[in-house]
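Peer 1: Counting in the numbering used here, the sequence shown runs from 27 upward without gaps.
These are computed hints drawn from the structure, not numbers from a lab.
Don't take each hint at face value.
Stated by the list, open to error - Estimated spans, in silico, between C-beta atoms of each pair:
(1) PRO67 with PRO40: 27 to 33 Å
(2) GLN27 with ILE83: 25 to 31 Å
(3) GLU114 with ILE56: 30 to 36 Å
(4) ILE56 with SER141: 37 to 43 Å
(5) SER51 with SER141: 17 to 23 Å
(6) PRO113 with PHE55: 36 to 42 Å
(7) PHE127 with PHE88: 18 to 24 Å
(8) ILE56 with SER110: 30 to 36 Å
To be verified - Once the Cα atoms are required to be at most 30 Å apart in a straight line, the calculated DSS-like pairs of lysine-lysine come out as:
(9) LYS58 with LYS69
(10) LYS58 with LYS101
(11) LYS128 with LYS45
(12) LYS101 with LYS128
(13) LYS112 with LYS90
Remember, it's a predicted structure, so these values are computed and weren't measured experimentally.
Ideal Cβ placement from N, Cα and C applies to all residues, glycine included.
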Amino acid sequence: QVQLVESGGGLVEPGGSLKLSCTASGNIFILKTMGWYRQAPGKQRELVATVTLGGIINYADFVKGRFTISRDNGKNTVYLQMNSLKPEDTAVYYCNAENAFKTMYWGQGTQVTVSS
27 QVQLVESGGG LVEPGGSLKL SCTASGNIFI LKTMGWYRQA PGKQRELVAT
77 VTLGGIINYA DFVKGRFTIS RDNGKNTVYL QMNSLKPEDT AVYYCNAENA
127 FKTMYWGQGT QVTVSS
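Generate coordinates for the entire structure from the input sequences, incorporating the hints supplied.
Peer 2: Structural data, given as structure tokens:
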């Protein structure tokens with residue numbers, strides 16, 4: 027089993043920044059892809075950004091130019107730097123990881139609230 031622990035959420039004013047972190051532990055084989063999803067109240071969970079073991083990055087259109095995903099393979103950690111935050115970015119952000127056998131794991135989620 028793989029455990030994903032997120033940190034870094036909180037309350038920020040519009041235009042502000044936050045950095046999320048997620049560290050994987052447990053029975054880690056190869057975490058092929060790590061990334062972030064989010065779910066706002068009343069909406070479906072949606073992809074925010076992912077990064078592969080080889081460094082290939084995918085962003086949702088609504089975060090391009092504002093969010094940056096990065097990964098430290100040695101620490102089994104993925105980060106999400108969020109800049110120019112908007113109220114519509116308010117959601118629970120979930121860390122996600124997929125291993126070489128295509129088994130997916132989820133973190134418990136961290137709340138991000140953008141409000142003045």
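Peer 1: Of the hints stated earlier, which fail here?
Peer 2: Hints 1, 5 and 7 are the ones this structure does not satisfy, whereas the remaining hints hold.
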